[in-house]
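Top line first, the protein sequences correspond to chains U and V.
Positions 1 to 744 (the numbering used here) are the ones given, in order, by the first sequence.
Positions 1001 to 1109 (the numbering used here) are the ones given, in order, by the second sequence.
Take these hints with a grain of salt, some might be off.
[As the list claims (entries may be wrong)] Heads up, simulated BS3-like pairs for lysine-lysine below, C-alpha to C-alpha not over 27 Å straight-line:
| # | chain 1 | residue 1 | chain 2 | residue 2 |
| --- | --- | --- | --- | --- |
| 1 | U | LYS487 | V | LYS1067 |
| 2 | U | LYS184 | V | LYS1067 |
| 3 | U | LYS536 | U | LYS34 |
| 4 | U | LYS215 | V | LYS1100 |
Because the hints were derived from the structure by calculation, they are not lab data.
Note that the coordinates shown come from a computational prediction; the quantities given were computed from them, not determined experimentally.
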Amino acid sequence: MAKSDEKVILTTLWSAGCGSHGGCGAEIYVKDGKVVRVEGDRNHPHNYGRLCPKGLAISQYMYHPDRVTHPLKRVGERGEGKWERITWDEAFDTIEAKLKDIRNKHGAESVIFCQGTGRDIGGPITFLMYAYGSPNWVQVGLAGHACYTPRLGAMFATQGSYSVVDASQFLEKRYDDPEWVVPKYIILWAQNPIPGCHDGFFGHWIIDCMRRGSKLIVIDPRSTWFSCRADVHLQLRPGTDGAIALGMLNVIINEGLYDKEFVEKWTYGFDELKERVQEYPPDKVSEITWVPAELIIQAARLYATNKPSSIQWGEPVDAMPAGSVVAQAINHLWAITGNIDNPGGNVIATRSHGVTTYPFSTAELTELYGEELVKNLNEKRIGANDYPMIKNFRGWVQPDVLIEQMETGKPYPVKAAWIQTSNIIGGQAADPKRHYEAMKKLDFIVVVDLFQNPTSMALADIFLPATTICEKESFRSWWQPLCVSQKAVDEVDECKSDWDINLELAKRLTTNPIKYNNARELFEERLKTGNTSFDKLASKGGWEYPPAGPFRPYNRHERGLLRGDGQPGFDTPTGKVEFYSKRYEEWGLDPLPYYEEPAESPVSTPDVYREYPLILTTGRRSPVFFHAEHRMIPWLRELDPDPEFEIHPDTARDLNVSNGEWVYIESKRGRVKFKAKVTATAHPKVITAPHGWWLPETDGRAPNFFSTWDHNINVLTSMGNQSKSGFGGTNYRASLCRITKIKD
Amino acid sequence: MPRNGLFIEYEYCTGCHSCEVACKQEHNFSDGMVGIRVDEVVTVGPDKVHIDFIPFTTRFCDLCAVKTEGGEQPACVKHCQAMCMAYGPISELTKAMEAKPRSIILAPR
Ligand code: SF4
Ligand code: SF4
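Put together the whole structure using the sequences plus the hints.
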């Protein structure tokens, strides 16, 4: 409740501030033009008043003394940390002149447009990039593009649409809607949903389902809060998830536990899949994965014989050696059991009202920018001509190929980078030093962000200050309901919203006239395709579910709502869910799933294993940070003050490492300093470390860059391991390491 | 006036830390000061390792006097992501507790 001198603005979070994948409804309390509190909106069906620590700390983030609040230009050498305040006019003029000059001399493709994680940035960055004429939209550093895109690509190929756990999120009345059915089992596959809202899925929906009766099967190398509440925990060797999926398919097929009617009517390639999975009997899978065969069999039986059941999967699936192949095998599990677009299964997720904020598919790009542009994109888009799957699915650059191209200048040189809210070096980049070396040679780099970070300090020539979600308007259709973010207060100091920055520059750089006078006009045009408007959504509290039709569940394949031609079936070449993928075949990939061993593992590199006898898995999430953000926020940092890795008590005892001790984690590629958390939740042969650690309280100048080289776990990972699809294959989740004591 | 307290069904507490940050925001507490802390308790059973989180109010918890006087829920209760907290007269909370294993009532004041 607002105090008498406060006003409350209802908004949707999904941008800098909480930073996360978002969707939460929030009440922004404003007094004298400043945000005094951010609370959850209890009427919002996404979160019903709940809010995570990052959302609750937004005011500390907004008014942090270190926030950059006016444009800067670099005056010393890169890395010296010498900046001078400039006006927006000077910043825009400089960028316009530089980027036009580069386009004239080297072509628009020589400028890359880099974003970090999936939040509202995908909209404005693509808008600016296509206006400028570059095809090179990229999540630089994300080796094997290991974040959701491989899973999306596998689903696109297999079933022509995307699926998520049905936690009733597509129904306005949520858990009270009579159409919804509680999933009997939820498989939590390579994800601990507690710390956040991965891929736009509010993690605690799993707890909501558990309270309503859902049981759990957990597939995770660690013991987690969920695994101890699960009926079955498959504590597998990191990187072997593909073998588990194939082993479960083997059991389900050979024991005849699959949904025969669904398979008969709606799938293609069952016999081929049946033959393929004979290579993966439970005993063999047990040997590969370290999981007892009985448990694999039990998990397969429980999942297949309790319909509806659902699978929630995490980012590690994307990083698996065969990349989108592991995702394909998991997709087959929900398809073969008929758990697709059924209540309580893996419901098909569509953008709300058909509105696009952030283009999730080639079809959306075509809708927004036309066929001609999308065709042209493919000619010079980096990696598109090396990897048919990259070419034919979405509009991204293949990030590993990009770095190689920067190094060689072939087939054309990369000259400049527009880096918008992405801490490449301090965050996602596998082998960040190689990224630093490659990127620092670029002629011109603009960073748009809210705080200085290792990337901006190391690389930026111009720094543009962006706003948090409370200081701007935005809109969201990932997935549902359709939401708007309202501007609660004026921009802090001279900060500008990403949409405003990009629209202004797009107007200066475009080769075709831009008709929008402001960002709101662009929003309205896109919202109009969903037959709604910004004000209408705002007046309803900021959100609205789509009307009946293709954007509402369930069983859309039966009702002819998935395909362009209006026929029943799925939007794939055969109109069926394809166990044998025609698209993979067309793209020169194995049409059927298979298992591939991690490139560095006890099995594939026994020599390395003798010297580095522990398996390292990175990317453990913290509930109080989002990736490489938030380390400077006192309320949050207090709860997770140090980079900490988890190690089993027996292993720690053998190594003479005590709880809380700082040690080196070393691999063939380098070493970093982490603090030991000795816990029985760790597997004795596996250590688990969080990513994105840098210390904003330390020197940001070269060579320290906020201590990133000391604490960034990605110093131990490497790039260039992508699979044949261009996706996956990197070692974020499975590599070899050892622990050494710090002597000095 | 009946005494009020917090009921926490810690079986569902996920250790998400929302209660702690909600409390800090509500009171604008500085570093180290907070009305509630969440501890991780790891135990090793015969067949699996268990993780529980146990929230515990500190001497700084005022049961959100400002919020509750205005008829609202305390900040921690409102934002608890597992929805495992409740606020009310202790006599009523004990009734809820009868039906819920692995729960606690805290009476910080
Ligand atoms: S009731 Fe209020 S003061 Fe007490 S712990 Fe919860 S948020 Fe803090
Ligand atoms: S907010 Fe709720 S679930 Fe989260 S730590 Fe506190 S009591 Fe536990």
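### Message
Does LYS1067 of chain V sit within 27 Å of LYS487 of chain U, going by the straight-line distance between their CA atoms?
### Response
Holds, because 25 Å separates the two Cα atoms, which is no more than 27 Å.
| task | Take a quick look at whether LYS184 of chain U and LYS1067 of chain V sit within 27 Å of each other, Cα to Cα. | result | 39 Å, violated
Is it true that the CA of LYS215 of chain U sits at most 27 Å from the CA of LYS1100 of chain V? 18 Å, holds
**OP:** Take the C-alpha atoms of LYS536 of chain U and LYS34 of chain U, compute the straight-line distance between them, and say whether it is at most 27 Å.
**Re:** Status holds; Cα separation ~25 Å.
Checked against the numbered hints above, the structure breaks only hint 2 and satisfies the rest.
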